[in-house]
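A.B. asks: Listed here are the chains, written in short residue letters.
Number of protein chains: 4
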Amino acid sequence: MKVRITSRLHYLYRSPATLVLNFRASSKGYQTILSESVVFTPATDSELIVTLPEQNRFDRLRNLQGDSLDVSYQAEVEVTHLTLDPESLRAILPSQLDPSVLPFLFPSRYCQSDTLGRFAWQKFGKISSPYDQVQEVTNWISSNVEYLPGSSSSTTSTSEVLTQCAGVCRDFAHLGISLCRALNVPARYFTGYSCQLRPPDFHACFEAFIGGHWILFDATKLVPLDGLIRIGSGRDAADVSVCTSFGIVSPGVYEIECLLDPAPADAPQNGIPAPQALSLG
Amino acid sequence: MKVRITSRLHYLYRSPATLVLNFRASSKGYQTILSESVVFTPATDSELIVTLPEQNRFDRLRNLQGDSLDVSYQAEVEVTHLTLDPESLRAILPSQLDPSVLPFLFPSRYCQSDTLGRFAWQKFGKISSPYDQVQEVTNWISSNVEYLPGSSSSTTSTSEVLTQCAGVCRDFAHLGISLCRALNVPARYFTGYSCQLRPPDFHACFEAFIGGHWILFDATKLVPLDGLIRIGSGRDAADVSVCTSFGIVSPGVYEIECLLDPAPADAPQNGIPAPQALSLG
Amino acid sequence: MKVRITSRLHYLYRSPATLVLNFRASSKGYQTILSESVVFTPATDSELIVTLPEQNRFDRLRNLQGDSLDVSYQAEVEVTHLTLDPESLRAILPSQLDPSVLPFLFPSRYCQSDTLGRFAWQKFGKISSPYDQVQEVTNWISSNVEYLPGSSSSTTSTSEVLTQCAGVCRDFAHLGISLCRALNVPARYFTGYSCQLRPPDFHACFEAFIGGHWILFDATKLVPLDGLIRIGSGRDAADVSVCTSFGIVSPGVYEIECLLDPAPADAPQNGIPAPQALSLG
Amino acid sequence: MKVRITSRLHYLYRSPATLVLNFRASSKGYQTILSESVVFTPATDSELIVTLPEQNRFDRLRNLQGDSLDVSYQAEVEVTHLTLDPESLRAILPSQLDPSVLPFLFPSRYCQSDTLGRFAWQKFGKISSPYDQVQEVTNWISSNVEYLPGSSSSTTSTSEVLTQCAGVCRDFAHLGISLCRALNVPARYFTGYSCQLRPPDFHACFEAFIGGHWILFDATKLVPLDGLIRIGSGRDAADVSVCTSFGIVSPGVYEIECLLDPAPADAPQNGIPAPQALSLG
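Protein chains in written order, with my numbering: chain P, 772 to 1052; chain U, 772 to 1052; chain V, 772 to 1052; chain G, 772 to 1052.
It is worth saying that the hints were derived from the structure and are not from the lab.
Incorrect hints may have been included.
Copies of the same chain look alike in the list, so a pair counts if it works inside one copy or between any two.
Said to hold, decoys possible - Cross-link-like lysine-lysine pairs, in silico, DSS-like; alpha carbons within 27 Å at most:
{"hint": "1", "residue 1": "K894", "residue 2": "K992"}
{"hint": "2", "residue 1": "K799", "residue 2": "K894"}
{"hint": "3", "residue 1": "K897", "residue 2": "K799"}
{"hint": "4", "residue 1": "K773", "residue 2": "K799"}
{"hint": "5", "residue 1": "K897", "residue 2": "K773"}
{"hint": "6", "residue 1": "K773", "residue 2": "K894"}
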């Protein structure tokens, strides 16, 4: 599948400001950047930073002059969602996990998995297949947490989402990650463009490491998984902010467009039907 | 039923200290104090304080000398648990509640019911009878929260109990109160002597206001409700600490004995059987 | 001083709703209601509830029909702020406090004074006069917490205010109360009309019990204390919400006017000058 | 300086359990492992895992049999603390930071630096030299937080430490890291052996990235910095637990011995005197 993404971001600041932006499609895994252009207005020197191990791509813009910045990004991306048979995804015990994956079992800023052990094992501990387990985590969140814009903030953590039963995509992802880690299933935060949202938008969901693959899950069930284009991944939202700013900076409105080729079939109402597991690698 | 309670408390302090102690059986509702004696060693002037509206009885001990205090309390109490048919306990809407009861709908120190609206209504909102609703709250807590000494502290609130799924009687009571209030059922904290614990001990549970009565509920299900003797009640544990101290005070070991007359039948294994509602007024 | 207050409140709801409103000037202490009128549109039966021990006056409106309610309130109030010499306000130890005041030493929903002992005593423990101590608490909050509308929510507690160093009048009051209680100075929440704000508005601050009087303190320092008219008081904001609603209710815009007679002198820039202690009883 | 470390760890479990242990001295930076031996009793296959980018060394022990494990570790380590003149350590702005260091500006599980901006800049924002700034952060924590074993738990975060003004070395480190990050100074968690504690013990402190070096700071001021041997570093304690366990595992007592050659001079009472900056690279 080819995707043409256009995004326009806008920032207001009182100079001097430094921005570290994270808006480029990832070229990791099953995504290939066919072409890409970035225009900063006013013209600004930028540095492309690739952070390891996730290969997230950040643009660092230094000592911004003037009082605002426009970012115009265009990319053509070849995306092949790896489709897997859930039955084939066997559990990997912590004793066998690849060491590079171990840190995704640890708690992080927004994912206090260390406090959720009892909760997770009570609710999901009896399911033996980890794919079914995470699918059930996803279903449970979808049924018990209300998608409610404005109900959370940039400091909201797992315990508040669980108590208040409300959040946005970021909070749904954090809760999913926390429950997976509590169940000894490595999980990480996924941020990307969602081409099948109306209108297209940034979106967050999560990936669980099962059977040797990072499998996509989206507890919001807002949109089919196969319209997701990865920007980056990390332990949680703290690792992949669209904008990390130094100085007094306010984000302005932004606009995102997506063109999928071939055009997707009409989206099924509740996201992707269950019996396929998708991975972006 | 007559109950003879003996309790011995012990406090260590560096003088001067002031203690406000809350250990006397309440003489409110269906409890009558037949006789009572309190001996402080060393002998100490004390002042009996009765706080309104709950009529909790506190002993204030001023300017304690020496370095320790022993409290020896004996009381004979006539207790008549009012037994009600749950079917007879109709809902009282907030529009009809007695004004004196309204504050027991408000959130308090350990019971942040204001954050639990969605959670409570999702889980228990469809049950129309408030007695059944609170019974179900009690069952849910009993099934989902582990009674685990040492898992909580004096600062533990509802959200932590819900996240960590563990606590002691105090935490079980706080969670029950919070869920009731979120459901618009007034609820208050109950602290007392539990004569049928082995050994007898202080215990905490909660009362919900249904059908014009304060009905006892105990989500720990550790012990039959009809062996409970009220010491006091309040919005939550903040109102009825056994010991509020000013100065540097440490509680020592304590010892409690109970003699029930007539002796209770052997306790059923999971607390009181369901179809009776008990009240201590 | 005579004050004429006009307030117009507006609520939207889907019937049936019950509202418990708290907008009337208090007739307790140094305030006398000379005349008062309340008009509900559409006309609605209401019940006046006076809660003890604070004598807060609530209007309960039941089974509201239609989809909105307008409340038009007019009152003429005689207000005499008791002016005291701070030097005359001696400490009252917990051992001597009037029992009715003891609960204002306990932690409450938004005032977790039990967690602030070390903080409070480190910063303010060496000040021997309780009036100076609370004055210093007030100054410290004013210097260290930023008044920032939108920085807090209805669930914000003391620990968040202390960490994030931001809040609104409600949060300033809660932090002041918490620090006082941690210092063994009884403190309560004050909500009222602030006639000298531009425009006049609801305002929250706190009262500390010193020398036998409830003395007003306002850590926001937004406005002179002698333009405050009490609506109610309680342990914290949970006790004196302007509107407690049952049903799906949204508050609309409101409007407040005040006429002071005699007109106040121009307000000094940083609130009332220090060396007078004011009380509304 | 040569250090001979002996540590004996002990774990109890119900098999099967997997442990990921982190007890080996790091061979990164200014530390060289001259010799090292590890004996597991009962004999157990283990896998040495080196995590990037920090090069922490973990031993993974799979499918443990029996019911307990003893770990006996001996290492001889050549340690050269790099000593730097604080005057030489110039600020590196976020615009110039090496990209690999950027994640140490992000908030993490125990270090919610995103909530501390106002607090940090109010208190330390006017200090222009970052070394002086972090030194002042360290002094402030040392003066305002009480070292109090038992006052915190494995879930304690920065906001609780700041509110309760108490903690252990781990909490002191987390607060230091949080304040540094809030000030745009990258900071990471340091865990190691402290040879000059009496008795020698595990210890935690933090490193701030200043002038191109990771400089050691210890807000507990319990011990000179030049007796510290690094085990590992990470975003916070979540990355470098001594023991991450899968299965039901309890840690038992442990014992640590250190032999420094040359023997250190008697430790100054309040840790290292100020005017040297130390780094372990």
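A.B. asks: Next step is simple, just say for each hint if it's right about the structure.
C.D. replies: Hint-by-hint comparison with the structure:
no.: 1; hint: K894 to K992; verdict: both (20 Å within a copy, 21 Å between copies)
no.: 2; hint: K799 to K894; verdict: neither (34 Å within a copy, 42 Å between copies)
no.: 3; hint: K897 to K799; verdict: neither (34 Å within a copy, 42 Å between copies)
no.: 4; hint: K773 to K799; verdict: within (15 Å within a copy, 45 Å between copies)
no.: 5; hint: K897 to K773; verdict: neither (40 Å within a copy, 48 Å between copies)
no.: 6; hint: K773 to K894; verdict: neither (40 Å within a copy, 44 Å between copies)
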